[in-house]
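Working from the sequences, and respecting the hints, build out all of it.
Line by line, the protein sequences are chains L and C. Counting from 1 along the first sequence, just add 3 to a position and that's the residue number in the numbering used here. Counting from 1 along the second sequence, just add 816 to a position and that's the residue number in the numbering used here.
What the simulated footprint calls covered on chain C by chain L, stretch by stretch (three residues with Cβ under 8 angstroms from a Cβ of chain L suffice, anywhere in the stretch; the number is not a length): (1) 1417 to 1424; (2) 1475 to 1486.
FRET-style restraints, in silico, Cβ to Cβ: (3) C:875 x L:107: 55 to 65 angstroms; (4) L:46 x C:1560: 11 to 21 angstroms; (5) L:46 x C:1414: 22 to 32 angstroms.
Calculated directly from the structure, the hints in this document are not laboratory data. Note that the Cβ used here is the ideal one computed from N, Cα and C, for glycine as well.
Each chain, letter by letter, is given below.
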Amino acid sequence: MELLVASAIGILTAAGLYLAMRLRTFPVIIGMSLLTYAVNIFLFASGGLTVGAPPILSDAATYTDPLPQALVLTAIVISFGMTAVVVVIALGAYLGANDDHVNDLDEKEGQA
Amino acid sequence: MSLLLIVALPFLGALLPGILNSAGRQACAGGTLAVTLTALIGLISNIPDLMAGEVITQRFEWLPALGLNVTLMLDPLGAFFAALILGIGTLIIIYGRYYLSRNDNMGEFFTYLLLFQGAMVGIVLSDNILLLLVFWELTSLSSFLLIGYWKHLPEGRQGARMALTVTGMGGLAMIGGMMILGQIAGSYDLSVILQNREAIQSSDLYVPALILILLGCFTKSAQFPFHFWLPHAMAAPTPVSAYLHSATMVKAGIFLMARMWPVLSGTPEWSFNVTTAGLITMVLGAVIALFKHDLKALLAFSTVSHLGLITMLLGTGTAFGVLTAVFHILNHATFKAALFMSAGIVDHEAHTRDIRRLGGLRHLMPITAAIATVAALSMAGIPLFNGFISKEMMLGETLETQLFGPHWLVPAIATFGALFSAAYSFRFIVHTFFGPKRDDYPGHPHDPNAGMWFSPALLVTLVVIIGVAPFLVEPLVKSVAGAVLGGVYAVPDYHLAIWHGFKTPLFMSIIAVVGGLILLAIHKGAQAAWDATPRPEAKTIFEGIIAFFAGLAEKITATLHDGAFTRYAAILSLTITALAGHAWMTGNSGGRVFEPQPMTEVALLGWVALVAATLFLVFKHRDRLVALILMGIIGTVVSVGFAYFSAPDLAMTQISVEVVTIILLLLALNFLPDVTPAESSAGHKLGNAVVAVLGGLGAAALTYHLLLGDFVQNSISEYHLANSYKGGGGTNVVNVILVDFRGFDTFGEIIVLGIAALVIYALTETLLNGPVRARLLNRVPDKPLAGDRHPTMMVVLTRIMMPVVLLVGVYIFLRGHNEPGGGFIAGLVVAIAVVMQYMASGFAWASDRQRYPYHGIIGAGVLAAGLTGIGAWFTGHEFLTSSFGYFRIPPMEKFELASAMGFDLGVFLAVVGAVMLSLESFSRLARRAHVPDSDYPMDIDPSREEETPNQEGAA
Chain L
4 MELLVASAIG ILTAAGLYLA MRLRTFPVII GMSLLTYAVN IFLFASGGLT
54 VGAPPILSDA ATYTDPLPQA LVLTAIVISF GMTAVVVVIA LGAYLGANDD
104 HVNDLDEKEG QA
Chain C
817 MSLLLIVALP FLGALLPGIL NSAGRQACAG GTLAVTLTAL IGLISNIPDL
867 MAGEVITQRF EWLPALGLNV TLMLDPLGAF FAALILGIGT LIIIYGRYYL
917 SRNDNMGEFF TYLLLFQGAM VGIVLSDNIL LLLVFWELTS LSSFLLIGYW
967 KHLPEGRQGA RMALTVTGMG GLAMIGGMMI LGQIAGSYDL SVILQNREAI
1017 QSSDLYVPAL ILILLGCFTK SAQFPFHFWL PHAMAAPTPV SAYLHSATMV
1067 KAGIFLMARM WPVLSGTPEW SFNVTTAGLI TMVLGAVIAL FKHDLKALLA
1117 FSTVSHLGLI TMLLGTGTAF GVLTAVFHIL NHATFKAALF MSAGIVDHEA
1167 HTRDIRRLGG LRHLMPITAA IATVAALSMA GIPLFNGFIS KEMMLGETLE
1217 TQLFGPHWLV PAIATFGALF SAAYSFRFIV HTFFGPKRDD YPGHPHDPNA
1267 GMWFSPALLV TLVVIIGVAP FLVEPLVKSV AGAVLGGVYA VPDYHLAIWH
1317 GFKTPLFMSI IAVVGGLILL AIHKGAQAAW DATPRPEAKT IFEGIIAFFA
1367 GLAEKITATL HDGAFTRYAA ILSLTITALA GHAWMTGNSG GRVFEPQPMT
1417 EVALLGWVAL VAATLFLVFK HRDRLVALIL MGIIGTVVSV GFAYFSAPDL
1467 AMTQISVEVV TIILLLLALN FLPDVTPAES SAGHKLGNAV VAVLGGLGAA
1517 ALTYHLLLGD FVQNSISEYH LANSYKGGGG TNVVNVILVD FRGFDTFGEI
1567 IVLGIAALVI YALTETLLNG PVRARLLNRV PDKPLAGDRH PTMMVVLTRI
1617 MMPVVLLVGV YIFLRGHNEP GGGFIAGLVV AIAVVMQYMA SGFAWASDRQ
1667 RYPYHGIIGA GVLAAGLTGI GAWFTGHEFL TSSFGYFRIP PMEKFELASA
1717 MGFDLGVFLA VVGAVMLSLE SFSRLARRAH VPDSDYPMDI DPSREEETPN
1767 QEGAA
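Written out as structure tokens, the structure is:
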């Protein structure tokens, strides 16, 4: 089970990094979203993987670690806010210059 | 008066000059004067206790965890310096009142001056070395403001920068030194440190600590090789030069050496470093001073020289050296401040400080001439003036000091320095005031009004009184010296007197004075020889070093950050991976603790879906719509994963955020190209892939290791689980953590979210009001518009759904404290309900029915959360402490009301407002673009059949 989660995080990270290194704004935003998933799952996993023991107090004997969940919950919502800000910046840049390259024009030859 | 008040008064009083500025110059200066005088009187009120042998202390906890506390201590040494600072401060304020011209902003000047004064008093009264460091940095900053007071003068700005750079770097070094010292002594309180002489001097870290602290002292007190900033600081108005750069601030380094003397001195390292630096500074300053034409530059270098003298005396490590140093601090403060003020008067009246253009002023300004002559004679070391006595004691002390071998070396060097000191003092007198009257002064020199010469006159009176009757100050000097010695040595049984008989120091003094007179006589030739000698210019070297580092920094930045985002991303990921790899190789990770859990089919299925979607996304990302769909799949799997691993709250949050994110990206995609063109070369892609795979492997390895290892320290989660119901009144621990245990974090987070939404709104507004607007209006959509923009089915469905979804939202909100749910999730659900209306029925229709602006909803949310937190104050608890109780209204069951509910309501509102404001902003762009947005909710566009705009552009 641990291997599945760890490899999923690894694949999401790799895909996120690869897309974040693309030359246009849209794939970069998608890449950063993938990285957000990876980071959120990573933070969540730091509390350990437990099946069927939600941190809702009842008669149960064990509960999973609630703290990472609380941290990740706000992180998910905040990441929406951050994505929205990045998107509006990207959109503004594209609408203003009709160009959605992330790199400065001078450096473009070297990257293309 | 309490010590805290004495320190705080100048800081609080610093507000006064600014306020009184408009009430006139008299009121402004008067207010400042009143502040300083009150502090001075407060200080004096403590003198009786001090004379009874008490050390007055005052203590407040500030950051006890760091060892940083407001502990203040008044002993004779502190009181002596505080009296100098406040006493001379009083005189400077009177002088400054008349010195500043009508064009100068007096309020600003006195505000800076009082800030400086408070910082300085803080240094000398601090018992905690961390507190002392805070004040130390404050003096550097306020001194920066004062040197650069005349902002229009480039020399002022450059001088201020140089002073700040040099003293600031010294301050940084000193922070390190003080930290080490505190670590050795086990306390940051001076009173404790001073008791630990043996422990500190035998520590391996003594030498690093000593060198770091001395760096701080030497830079502040302008000791060689850091002396160069002081002359450039003379660009400041003269009252500043007199106050900071002769009487007080530059003595802060000296003060600290004296303060630390009992623990740091007495070792060969101390003697060698301090004595050598002092001796070199003393001679170098004296020699350069003789050849300076600017009166203030001459005085500046002479100050450097005298500071060197005092440093050297402290370096010798004997009780007599300390006694002499203390006495000379007092003497130097009196005559040097008077000299600076005289130079200022000359500058003020004659409109020049160039000594070559002066001379004969004795006839025109006799009072100033008299004051300056007495002060300068004292500086030269002429009997009947106080400088003579301490200088002779200094020469006597050098006879006992041995450095670099020969016995005669130190006395000879000291005499040589004293000779130049006498020479520049004579030059100051003769070349400015004596000689024939000239007729080419730039101004019309005459004695100023009494307000201006009162202060220096008072100081030279002291010069003469101490010079004639030194026994008057003997108890003072001895008690201060006793405080410096700190019981390491007894105060020497020596009487301050003019005449000690025909002893060697007297002959050394005579040599110095006679030599000085000869040097003055041959000054012209000497000056020519000096001018012809090439020598390093400190300013050029300093600027060269700065330019070198600035160039280096620029070069590194340009290499790493060349404007290509792609490059930064690659560099960043590689660096993080490499650092993590390094930690992995070298760190000690404690080994495995847990056995892996068995894989289940459900988990495997989810994994396959996630991996497939991710890989597909990487290869198909060029088609942006497909990419979004795949991202939706990934998000869904993630949220199912959360649910599977016992995190229902996360699952609900993730799925609702997923919905709004996809809507957001769809709105953006409306304007962006549908396809990402292939631009990267194969090699480039391969490079990126390598970096990405390395990062991914690192992340996977780290997670795997983390999952199978145990915590290094006990987790605090147990506490939360145990107290969630007892303390927070809820059974959903995650929600209780959010609204109660870590409510302050959440409060910050909803504010951040609100700010993000406002940023989006502001950026959209800017776009809509800028040139983009025209482009949007003329934009032809690259896809054909849908025939029915607001499909009837969808409109009907969403309207029926709306109340249902709202009810679900309320339900999720209400049960959040005990069951999965809460403000965040409810906010997202409600936002989705509203967004559906926008999508189905159109922007115009929806926003017509939107009664409250989303900004207001965000604000109300933050306010509600904040007010709930403040409510806790009324029950005597800390901010955001929640309280709860159980109530029963007859027909219903018993239910719980918690104040956390109010907080969660704030979260709910802020989330709704932020999400809606972001999405609405995006759709406003769209609305401008497709001009005819019908007000009718259900409309079918009949024109679609006739013309299909831009069909080629459709992908």
